[in-house]
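*Asks:* Residue-level listing of the chains:
There are 2 protein chains.
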Amino acid sequence: MMTDSAPSTVRTIGVVGGGQLARMMIPAAIELGLDIAVLAGSDTESAAQVAHRVEIGSHEDADAVAAFAASVDAVTFDHEHVPQDILRALEADGIAVRPGADALIHAQDKLVMRERLTELGHPCPQWWRITSRADLERALEEAGGRIVVKTARGGYDGHGVAVISSADEVADWLERGDDLLAEQLVPFTRELSAQVARRPGGQVAAYPVVESEQKDGVCFRVAAPAPGLSAERDAEIRGLAERIAEDLGVVGMLAVELFELADGTVLVNELAMRPHNTGHWSMDGCVTSQFEQHLRAVADLPLGSTEPLRPAAVMVNLLGGTREDLVEGGRIAVEQDPSATIHLYGKGVRPGRKVGHVNLTGEDMDEVTARGIRAAATIVDADD
Amino acid sequence: MMTDSAPSTVRTIGVVGGGQLARMMIPAAIELGLDIAVLAGSDTESAAQVAHRVEIGSHEDADAVAAFAASVDAVTFDHEHVPQDILRALEADGIAVRPGADALIHAQDKLVMRERLTELGHPCPQWWRITSRADLERALEEAGGRIVVKTARGGYDGHGVAVISSADEVADWLERGDDLLAEQLVPFTRELSAQVARRPGGQVAAYPVVESEQKDGVCFRVAAPAPGLSAERDAEIRGLAERIAEDLGVVGMLAVELFELADGTVLVNELAMRPHNTGHWSMDGCVTSQFEQHLRAVADLPLGSTEPLRPAAVMVNLLGGTREDLVEGGRIAVEQDPSATIHLYGKGVRPGRKVGHVNLTGEDMDEVTARGIRAAATIVDADD
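In order, the protein sequences belong to chains A and B.
Note that the numbering used here has the first sequence beginning at 399, numbered continuously upward.
Note that the numbering used here has the second sequence beginning at 399, numbered continuously upward.
So that you can see chain A by itself, here it is in the shape it has in the complex (with noise of 0.2 Å):
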């Protein structure tokens, strides 16, 4: 195990995806003198626009991947989608593949995670895995008649998810054969995140635990630090994360969604193993963002400090409204509201979809909520 002093011989770091999140990592990388290179499915991709290397290929293609993967000194990625066996094969061939193949499953598959988090003891919702329509039946009986069914694979922002009353409504997913994921309808009094970074050597650091709000299935705001958390339940919670990470063997940033009880106690929902939509308020809010945490780690360089800059830090997401200019609707906002930054992915705009979030600090979070609700509604809606 590498320790802490040892020093770092990554220089060059490559990511497997184009999207907003390879896009992010780029200003850090720029910032932290590493060079960064980035695989992505095409050229107008939200990275491959502004990344000054850009290799074209798909990340289900063992040979493109390869050749890129020799090419720069670690790899990590935009997204989990990458298969298994790429990632095996890149390992078999010595290449720093962060997080590993072996971390990378528990956010790739839910009923990997589900087992595993059950067996380590962390707390879950009540799940069940399904492989037939009986099982299905039973779930839904011993649930009390309605339960969240997920594909274990693929899904991401509320696709591959369904609350369901009878078998009926998932049998075109029962009928593809693959197992899926029964969990029981949390009776959650709201959604929390935690973020946490860990290094090859087990350093880790984990950022305020942040409350999310979703609204169709997609991240619409998250508040940071999660507003009436005491202390010890922060700490609690950053505790948890930390020992998921270090369970599970991440390295980069680690996000873990949560439902709170009413109670105070929390059960995983879900895990995802890069920067997350729910750390994007550090970039604005924290002594080190996520995205340089997630390449401090991926590096093997001493993380970050965690540190909150103000009390009250807002990130509200830009989904596709009205409005086709982006710049022109940040044009207005920041005329409204100079102290909204705005995040744009140079992504084309269409209804729901995530285009760019917004972020604002202050002293007050019901304060700094509103002005972040107002900004991102001015920038995506032209009906103002």
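Note that these hints are calculated values from the structure, not bench results.
Fair warning: there could be bad hints in the mix.
Copies of the same chain are indistinguishable here, so a pair counts whether it falls within one copy or spans any two.
Said to hold, decoys possible - Cross-link-like lysine to any residue pairs, in silico, SDA-like; alpha carbons within 25 Å at most:
{"#": "1", "residue 1": "K752", "residue 2": "V408"}
{"#": "2", "residue 1": "K752", "residue 2": "H450"}
{"#": "3", "residue 1": "K752", "residue 2": "T410"}
{"#": "4", "residue 1": "K613", "residue 2": "G719"}
Given chain A's structure and the hints, the job is docking chain B onto it.
*Replies:* Relative to the frame of chain A, chain B by itself:
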């Protein structure tokens, strides 16, 4: 004159010059969703290493600059060295040059700057235009035997500046035939710097006035806000910077370097019309960094808030020392102090060369200053 409510049509900004200032504009452009192109002298220059779009060409080659300018919506600069005839040719072709030739001349020619500021009534040191040895001897006599002599053009970071007590000491400069600028040796208590951004339509936004410390003519440390500066004096100096920006028709960032006298009044030392070393603290210490602000002004977008995030911010330059590998230096520094935020420029290390800077923010200026100086020393020198 454009009003603040007119849409901006600038979506691609061309930066002439490939140094670290152009480099640090790139992250800001990515976040703003603006495209940025760099005209660099070679592909190894600081910004050329990281920009998505780089053109190779000299800023003194009229055809290269014109071709570059024709491919973007507005042109701005990494430095002040583009010749006036090239700037004027661009403007004659209808290119948006920001700042324009009429403004930029005041950052290119110290004699023009002194004449204009004096004419406008802005506070300057006593100064003399030197066209002959006799002028120099008269200035020496009037100033009491010692003066500062500066070449009107081409000087930077202590180059082209000499403190003399005899005309013989700059005999070679005189022989070149260009007029020189002579100035009294100002008995300043410290150096201050005021940054202000100005849009084409006239909107201005000034940053808190900062204190800067020079070593051997090179900026070493900046404290923001300037310790002990009263709110009245800060407002007065911001106002001075705003008036100079307005009077000279600056578009983009203007840095006004100042001498503070024992009675608290100030004299203008030099002007720079671009993001400036004394404004680098804003990258981690302010709602809007000077790089984002510069691009906002150049793109004619509303200016962002210049509010500091914390009571104290310090920037310490990384000046080339005994360590070649600055990423390794940064590794050690952040292990010691995880709050030190490092910015590297991708430049080869030479003694005293500016190769990066480190920012720190906090509650107490003395504490963050001590930590910033220690972090910078750790990064550049290998003997610890």
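*Asks:* Are the CA atoms of K613 and G719 at most 25 Å apart within a copy, between copies, both, or neither?
*Replies:* within (14 Å within a copy, 53 Å between copies)
*Asks:* Using 25 Å as the alpha-carbon threshold, which applies to K752 and T410: within, between, both, or neither?
*Replies:* between (28 Å within a copy, 23 Å between copies)
*Asks:* Between the shortest in-copy and the shortest cross-copy C-alpha distance, which are at most 25 Å for K752 and H450: within, between, both, or neither?
*Replies:* For K752 and H450, both the intra-copy (24 Å) and inter-copy (23 Å) Cα distances are at most 25 Å.
*Asks:* Go through the copies and call it for K752 and V408: within, between, both or neither, with a Cα cutoff of 25 Å.
*Replies:* For K752 and V408, only the inter-copy Cα distance (24 Å) is at most 25 Å; the intra-copy one is 32 Å.
Checked against the numbered hints listed earlier, the structure breaks none of them; every hint is satisfied.
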